[in-house]
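Heads up: the protein sequence lines correspond to chains A and B, in order.
Under our numbering, the first residue of the first sequence carries the number 1, and numbering increases by one thereafter.
Under our numbering, the first residue of the second sequence carries the number 1, and numbering increases by one thereafter.
In short, the hints are calculated from the structure, not lab data.
Incorrect hints may have been included.
Quick list of in silico lysine-lysine cross-link-like pairs, DSSO-like style, CA-CA up to 30 Å [to be verified]:
#: 1; chain 1: B; residue 1: K99; chain 2: A; residue 2: K185
#: 2; chain 1: B; residue 1: K176; chain 2: A; residue 2: K185
#: 3; chain 1: A; residue 1: K142; chain 2: B; residue 2: K99
One side of the interface only, derived from the structure: several residues of chain A facing chain B at Cβ under 10 Å [to be verified]:
#: 4; residue: P178
#: 5; residue: H180
#: 6; residue: I455
#: 7; residue: H482
Remember, it's a predicted structure, so these values are computed and weren't measured experimentally.
The beta carbon of each residue, even a glycine, is placed where N, CA and C say it ideally should be.
Here's the letter readout for the chains.
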Amino acid sequence: MRTAVRFPARVSLEQILDTLARDPDFKQLVTRWERVPPRRASYAEFPAWLDGRISATLRRRGILSLYSHQADALESAHAGKHTVVVTPTASGKTLCYDLPVIDAIAKDPSARALYIFPTKALAQDQLTELERLAKDVDIDLKTYTYDGDTPPAVRAAIRSAGHVVITNPDMLHTGILPHHTKWVKLFENLRYVVLDELHTYRGVFGSNVANVLRRLRRVCAFYGSHPVFICTSATIANPEELARRHVEDDVVVIDQSGAPRGEKVLVFVNPPVVNQSLGVRKSALFTGRDIAATLLASGVQTIAFTRSRVSTELLLTYLRARFPQPQWPHDLVRGYRGGYLPSERRAIERGLRDGSVRGVVSTNALELGIDIGALQAAVLIGYPGTVASTWQQMGRAGRREELSAAFLVATSLPVDQYVVQHPDYVLLRSPEAGLVNPDNLHLLVQHLKCGAFEIPFERKERFGTEDTPGVLSYLDEQGILHEADGRYHWSAQSFPAEGMSLRTATSDNVVVVDQTDGKQRVIGEIDRFGAPLTLHEQAIYLHEGRQLQVERLDWENAKAYVREVKVDYYTQAGESVRIRVLDEFARQDSARFGRAHGEVLVSAIATIYKKLTMYTHENIGWGKIHIPEQELQTTSFWLSLAEHATAGWPRERVEVALAGLGNLLHGLAPLLLMCDPHDLGLAVEVRSPHTELPTVYLFDMTPGGVGFSERLFKWTDALLERAREHLDSCGCGTGCPSCVGPAHALGHDVREAVADLLSLR
Amino acid sequence: MNDLRARIAQIVERDRTLQSKPGGVRGSEVGTDRNPLYAMADPPASGRYPIARGPSVRADGSVHPFEVREQRIAVDDLGLEIVGRGAADPLLLAHLGLKGDPPDRWQDVLFLDTETTGLSGGTGTYVFLIGVAHFAGEELILRQHLLLDLGAERAFIAALKTEIEPFRACASYNGKSFDLPIIRTRFVMAIRSELTIDDSHLDLLHPARRLWRNRFGSTSLRQLEESVLDDGRIADVPGWLIPDAYFHYLRKRDPAIIAPVLEHNARDVISLVRITDRVARAVAAARTGRAPDHAPAAFALARVFEHTGEMDAAFACYESAYYDGDNTLRAKLALAFARHLERRGEVERALRMMETLVELGLGSPRWREQAEARVRRLTRKRWRSALRTAS
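Work the whole structure out from these sequences, hints included.
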């Protein structure tokens with residue numbers, strides 16, 4: 001039998017924070033200690049039209065009224081307006097769509113709703129919640145998840161009988177839309193479409209999803225339904241724009257939260273520098289462990305977020321070592337990451353509620369609205385990548401009206417360093433935007449084919465803003481479509497949605513196959529364009545802290561075979577990148593810089609690789625790389641230096657400054673674009689054939705682009721301003737990987753030269 | 001700005017190279033002249049049943065949206081013994097794989113087979129040819145609906161609906177999982193209508209498998225024509241070429257392209273009728289005590305007879321399967337066969353059979369357990385009956 005967990009010293013969170021604030025060692029690491037005041041709830045009555053059974057049930061559950069934003073969302077959805085609800089974590093977003101849906105079905109049992117969640121795990125949680133509510137209200141509401149895990153035997157029942165079908169965009173794309181005739185009941189009576197976590201539908205994935213939604217609306221129109229979209233989103237700069245691009249209609253934005261919030265302390269922590277010259281800091285994992293251990297030892301329920309699975313496991317090990325058995329219970333700290341079974345997750349959630357589990361270490365699996373109950377503190381190891389995710393993770397602590405704390409521990413990455421030194425970036429209103437480009441021709445053509453498979457296109461029909469008739473007639477000439485009687489019919493044997501992933505722009509990736517231990521195991525994928533640099537033969541490929549050597553690269557079949565090795569060097573490949581500007585969309589010159597964006601053809605050929613020793617970076621060997629030149633046609637932003645900005649500089653200084661500026665901008669651009677650093681490519685040309693000036697290119701790694709370059713063009717000033725701030729406050733002396741790049745590799749005056757360019761001096 | 005078409009061309013080309021990779025989707029979006037079908041200048045004359053080849057282009061040059069070709073074949077010419085003659089026997093229909101209410105007359109059954117633009121199903125796969133056949137008097141009337149233009153699908157499906165409506169049941173070969181779902185999809189797509197013909201459906205695939213599985217290598221309709229009907233096809237379009245042939249026809253409008261497909265479809269429907277008759281004959285023969293000489297087929301029939309409650313026929317089939325079959329099959333059917341023997345009062349024979357099989361050491365441990373239990377029970381029964389006789 002389990003005894004209650006007893007902690008030696010039960011200290012209140014208030015007291016711990018107080019101690020930490022007065023600890024001189026800790027104080028040195030803190031770049032900001034922010035107290036966010038509590039906010040009172042703002043309530044509203046249940047709408048008069050809401051089915052009496054629903055309000056009665058909510059009252060029985062102790063919910064006597066709605067929060068103001070819930071009431072606003074209900075009114076808007078009920079009035080038939082597309083709605084996007086943008087409020088913080090734990091503000092009761094679910095009710096914003098569950099209530100209109102249950103109400104519609106209570107009044108008309110033939111009404112249907114489609115819930116779209118970005119992941120399967122979220123769908124499961126939602127199913128449970130909705131079923132419970134419907135049961136309490138005592139209406140006959142059948143809810144099903146329809147995804148890859150749904151057994152074939154029950155699919156037929158779901159198609160005809162499910163009032164609410166919960167699915168994900170991928171299943172909608174391959175499983176539902178191409179078979180819409182099996183879903184007649186759903187599409188004829190579709191009243192609401194719920195798009196949860198709208199901000200995750202950005203970039204390539206979002207651009208694909210926007211096209212899937214275009215197809216969904218075509219199918220609905222075929223069956224005569226015009227569903228109302230209810231979206232929810234984390235806080236981003238452009239919820240209306242993002243929702244509008246997905247819904248392609250007017251959208252009502254509800255962003256005034258009426259939910260209460262307890263007082264919150266937010267602490268920004270920068271681990272100490274351990275190697276001044278290389279700009280290396282103490283591991284964020286260790287610093288984060290110390291903070292989490294302090295909190296846990298005092299009985300504060302704490303959640304720690306890491307950015308990868310491996311870090312999750314490492315941190316879990318470290319923390320368990322701090323709380324050895326038998327004096328501490330084994331499950332004091334639990335791991336929680338993607339891939340856990342629902343039953344395991346429920347067990348952890350139960351443990352948190354009854355207090356037997358005091359701490360959870362998680363990857364971002366928890367970020368997306370899974371209900372894990374109220375915790376008192378959150379420790380974020382590393383900036384989660386976006387302000388939206390940061391608030392979602394911080395929001396995991398303090399779901400009730402009491403004091404909570406969140407610590408953000410920065411790593412050495414440029415983005416982390418920027419954020420920890422400029423906390424206002426997170427604390428003030430989010431400047432980051434969810435970007436999509438559904439009209440990217442590459443994606444559009446694919447979805448047009450899927451659309452034609454679903455319902456023939458009318459000759460004058462528009463699908464997106466590109467020249468739809470032009471694409472249709474081209475596909476007709478190619479024999480993929482067949483025009484007859486003014487309509488374009490699918491006329492091929494293949495099934496266009498099959499094998500077309502929504503998550504990547506092309507299915508053209510190089511797969512990394514680990515053959516250590518004689519077994520073959522796929523451990524990763526790298527886009528074909530970037531693969532020559534990291535997966536050439538003899539390359540040391542780092543994966544989850546392991547060193548793997550590429551033994552064979554099968555370029556034809558896009559497979560790299562690797563095997564684990566233990567060596568004291570790493571490899572660095574050099575490539576020659578040429579950029580040809582095909583079309584300049586817009587250009588604007590200022591005193592020191594010229595900026596432009598347009599369409600480019602990037603040709604890259606990997607040339608040689610060097611072997612460099614791990615700590616001293618000495619060159620101990622090199623080899624040639626034999627991989628054909630890669631081409632990428634995409635959109636790019638470019639920034640050129642006006643002639644007088646570098647007047648009188650020796651060529652070497654211009655080169656160094658340009659490389660440094662490129663690294664700095666490439667490191668910081670993801671802050672504005674809500675993207676991963678790998679989504680952007682970087683190239684510099686000391687004398688660009690197009691601008692005839694020293695030029696930095698930041699290009700979209702997705703063929704055709706998803707809109708990053710245009711946004712960078714519009715936001716150049718903001719980007720340069722962040723670059724100035726960051727360089728000004730970076731703790732390194734001469735340049736480090738967190739800002740302009742390592743001085744030892746680029747040149748000792750790199751930081752100074754970039755500072756000159758940005759007129760910091 | 002680049003020329004839009006050039007860019008699309010690039011994208012489409014890239015997809016195609018991706019799809020033609022091994023493991024990718026079969027790159028068959030466009031018919032090419034490599035298709036051997038197009039090489040056939042003059043399609044071979046049909047075998048036994050000539051097919052009227054009507055013009056598909058009107059005199060004024062306009063294309064018929066769709067056309068219906070009809071041919072009538074005397075029942076005698078088809079060599080039918082049961083199907084199409086007399087009333088349909090409900091028990092027999094059960095053997096023919098019927099799901100749903102049995103029709104009363106053969107005239108109520110519509111035999112059908114479709115040709116489609118793809119094999120994967122889904123809303124973008126069209127039915128462009130459907131052959132339907134029914135009995136009227138002493139004739140089988142075969143009607144082939146051919147869609148000449150995808151734009152005319154609505155009229156094509158509406159005509160098909162009229163054609164189908166008078167019938168109470170349909171018969172097909174693998175229609176349950178292929179033809180009917182696709183027709184159902186087309187009904188929704190073209191005329192937003194439901195399909196009810198397959199509420200009663202004889203899918204011959206399953207009974208044919210029962211009789212002829214593991215006998216001729218496959219139970220495809222073509223194989224059965226050759227092995228069961230002894231009437232193989234000399235020149236025939238392979239099924240996987242048919243979609244491309246149709247796409248090619250849509251562009252070229254040359255009736256010679258589609259003629260072999262019409263021929264193929266006509267043969268399919270007629271063979272379906274004849275195979276149905278062969279299944280029916282096997283069932284009828286078993287009822288009169290002549291079980292199929294192929295032991296696995298006899299065993300499979302025995303089980304269906306048990307299901308329909310025809311115990312004498314079931315017994316005959318079990319007996320035949322037991323004597324013709326190998327030991328594995330014997331072990332498989334022994335328990336059921338012993339039950340029949342017991343019911344017929346042949347306890348001694350049942351016991352001898354079970355004892356022999358157990359001694360041979362056949363079957364799985366679980367089977368042996370059951371068999372030994374049966375031997376014990378039979379032994380007790382024999383002893384009790386001996387006791388009764390003695391007292």
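Evaluated hints:
1. Between B/K99 and A/K185, the direct Cα distance comes to roughly 25 Å. Compliance with the 30 Å bound is thereby established for this hinted pair.
2. For the suggested pair B/K176 and A/K185, the alpha carbons sit about 22 Å apart, so the restraint of at most 30 Å is met.
3. Between A/K142 and B/K99 the alpha-carbon distance is near 29 Å, which keeps this suggested pair within the 30 Å criterion.
4. Given the 10 Å rule on beta carbons, the hint for A/P178 holds: about 4 Å separates it from the nearest Cβ of chain B.
5. With a cut of 10 Å, the hint placing A/H180 at the interface with chain B holds, because the nearest CB-to-CB distance is about 6 Å.
6. Contact between A/I455 and chain B, as hinted, is supported at the beta carbon level, the nearest pair being about 7 Å apart and thus within 10 Å.
7. Taking 10 Å as the C-beta contact cut-off toward chain B, the hint placing A/H482 at the interface holds, the least distance being around 6 Å.
Violated hints are absent here; each numbered hint is respected by the structure.
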